[in-house]
Amino acid sequence: MGRRENHEYEVFIRNFTKNEQNLRRFLRSLLPSWEDVDEVLQETAVVLWRKIEHYDPSTEFIKWACVVARFEALAYRRKMARDRLVFREDLFELIAEDAQDELEGASLERSNLQKCLSELPADQKRFVLLAYTPGVKVKELANQEGSSPGAFYMRLKRIRHQLLNCVERKLQNQ
Amino acid sequence: MNKISDLDPQLQNWIEGYLNQTISKSDFESLQKAMLGDPELRHLIRRYLNLDCHLVAEGGLKISDLSFVPWSQSRSDDSQRGWVRKLALSQIGVAAAIAFLLGALAMYWQDFAWKDFANEEKRDAEEGNWDASGQEQFAEGFAVIKNLIDVTWAQEGKDFQIGEILGAETLYLAQGKISMQFFSGAILTLEGPAKLSLNSSWKAYCEKGSLRLKVPPAARGFKLQTPATEIEDLGTEFGFAIQDGKEKLEVFDGEVLIRPDGRDTVLVQKGNAIELSQGGLPVAITTGEVRVPTVEGDDQLLQKQIQSDFEKWKSYRNGLFQDQRLVAFYDFVSDPETGLVPNLCLPRNADFDGAIVMGESVSGRWPDLSTAIEFKRPSSRVRVNLTTTFSAFTFMSWVRVDSLDRQYNGLLMADGYETGEPHWQIREDGRMMLSVMVDESKENPYRKNARGFHRVYFSPPIWDLSMSGQWLHLASTFDPEERRVVHFLNGKVVSVSEIEDDYVVRDLRIGNAEIGNWGHPFREDPVFAIRNLNGRMDELAIFNAALGSQEIEELFTKSRLRKR
Chain B
5 MGRRENHEYE
15 VFIRNFTKNE
25 QNLRRFLRSL
35 LPSWEDVDEV
45 LQETAVVLWR
55 KIEHYDPSTE
65 FIKWACVVAR
75 FEALAYRRKM
85 ARDRLVFRED
95 LFELIAEDAQ
105 DELEGASLER
115 SNLQKCLSEL
125 PADQKRFVLL
135 AYTPGVKVKE
145 LANQEGSSPG
155 AFYMRLKRIR
165 HQLLNCVERK
175 LQNQ
Chain X
616 MNKISDLDPQ
626 LQNWIEGYLN
636 QTISKSDFES
646 LQKAMLGDPE
656 LRHLIRRYLN
666 LDCHLVAEGG
676 LKISDLSFVP
686 WSQSRSDDSQ
696 RGWVRKLALS
706 QIGVAAAIAF
716 LLGALAMYWQ
726 DFAWKDFANE
736 EKRDAEEGNW
746 DASGQEQFAE
756 GFAVIKNLID
766 VTWAQEGKDF
776 QIGEILGAET
786 LYLAQGKISM
796 QFFSGAILTL
806 EGPAKLSLNS
816 SWKAYCEKGS
826 LRLKVPPAAR
836 GFKLQTPATE
846 IEDLGTEFGF
856 AIQDGKEKLE
866 VFDGEVLIRP
876 DGRDTVLVQK
886 GNAIELSQGG
896 LPVAITTGEV
906 RVPTVEGDDQ
916 LLQKQIQSDF
926 EKWKSYRNGL
936 FQDQRLVAFY
946 DFVSDPETGL
956 VPNLCLPRNA
966 DFDGAIVMGE
976 SVSGRWPDLS
986 TAIEFKRPSS
996 RVRVNLTTTF
1006 SAFTFMSWVR
1016 VDSLDRQYNG
1026 LLMADGYETG
1036 EPHWQIREDG
1046 RMMLSVMVDE
1056 SKENPYRKNA
1066 RGFHRVYFSP
1076 PIWDLSMSGQ
1086 WLHLASTFDP
1096 EERRVVHFLN
1106 GKVVSVSEIE
1116 DDYVVRDLRI
1126 GNAEIGNWGH
1136 PFREDPVFAI
1146 RNLNGRMDEL
1156 AIFNAALGSQ
1166 EIEELFTKSR
1176 LRKR
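One line per chain: the protein sequences are B and X, in this order. Throughout the first sequence, residue numbering follows my numbering, covering 5 to 178 in sequence. Throughout the second sequence, residue numbering follows my numbering, covering 616 to 1179 in sequence.
Hints are computed from structural coordinates only; laboratory data are not their basis.
Derived coverage of chain X by chain B (criterion: at least 3 residues anywhere in the stretch with Cβ under 8 Å from a Cβ of chain B; other residues may be distant):
| no. | stretch |
| --- | --- |
| 1 | 666-676 |
| 2 | 781-793 |
| 3 | 811-822 |
Virtual Cβ for every residue (Gly too), placed ideally from N, Cα, C.
Full structure from sequences and hints, please.
Take a look at the structure:
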């Protein structure tokens, strides 16, 4: 790696790492599952690295990265099977516009959520973390136990609602 | 609609379905259509997706969290615990860790007391088919409404009743007074205009309005958050109001801790009043300056209002007794001489009076004024013999379900369930059921090698545990002319089913029948046979006609405790 490349590599790594969470959040608004988000994020990283020399450091990295991510997501979306729950293209564009205007605030949102999580009753907190434990598949768990995914989702719905209410309230006070 | 609490329940279900990837194609289409024209909805969905992001980033349960899992506690010998610890410490592969976690979580999950829907489904094939969509069987909420006085809500579509359970929600009170008791024991009386959010049984947030909070020793530590501070109640009674943009607090009894802006705590004792500003220090003010809701006389006032509503309903009801279509009307007040519950329908027909068997006379939906019959014991029932022919049915009743203990919980059940006879009941998952025997000699479509050709018409679930003890107005109509079965809850249609060609039956009858139970089951299996309703019934009307939705709504409105 030459000197120039070395510098670019640093710029890329620093910016990408700093903004990875924001990019994931942006892609999540467009794509139906986390597998899709991971897939597109990888592609996006490759493209960003390839084009890093075109990046103008006087602009915000995240804005530039989102333009690329949006394009990659759209290309991915077109390849996706028809039976997948994927937003139609006109709506996809609208969401991307909205989401690009709202890139700020992720870290405040995160810390508010953490506060709200800690305010939940212990059993509800454990339940929601269980639902978000990597590798947990609700259906498999349900089949294994002969129980109902419906009951699981119902409870999850209530807790998510509670958390969103709480985050909203915290935000209003800030 | 830019608040989570204002989100339409159907939209919320769709969003949840999208997050869980369980939404149907057609609902997803509808969701997309709604999103296209509604930027606020798109904003709300992004908030859901952002939440999803942050929760994923939290990383879920860790192996170390297993110490909380009941399973690991139940096998509490040291060798097991040591094994868990060793496993956590050793550098095992991620896949193996997940597999282990899954096994443990599966056991943990069982602990959530969900019903075994697979078995239930099998049993339900006995009386009808349904989808095992799964309803949770626990009530979640923070407080129960004790009193409502001249209340107007600033939220559209809000219509709370006394006895209703409040969960995590924000109340916008335009005017009037609401008293609620938190499950911690704290009693909060709020006067409008006000805005209050319930966070838990131990915490509420008041942004606007005035309130009085009474905290019994058991609820010490209840916290009231306000824009400027947090007030922790140490077992006391205090008043709080936001007046002219200033927060004022007066302690009537005991003491409270406040944390202006989350900093040092200040103790405020009985007989003191203070004013708080955002970030500033509390300033003492004269007592009595804080305008807070009074509660003295509220109970008497409520009782007076209830009395007047009850009188109004009784005079309206007298007109209903003369309705030609009415066959029987019971208010379950037994005649002191005969001991029977008279049929109040006019002209008087004593043959249709009912006999109470093991049922207990208790307070009805007009507390201490009206009478209800309680069917708590498996042998409780009211027996009737309605020897008339019907061309259609309407059954209507005020019912308080305490819990759905039986697989089928009887409301009105014809004894033999012979051709033309009805069964009106509630299934254990909260669905109303109305069925009429079409042809008792033909094969039962739900059970092999059994007689009895009929169909059960279900409503969606209208009851869950959170509604235990609430009075509900239930009605169902069976209309062979229009080929329609309609179920109503609190005056509103909850389901409409078509009666198909093969299932049309025109000559309807009831004959010997039971209210609140079923006396003549055709199978001996007790799970099947015991059908007493664990709850109360206050008034039951039986019509020889299918009443329309407007009529039913009117009867509901006239007969309910007035909205306050």
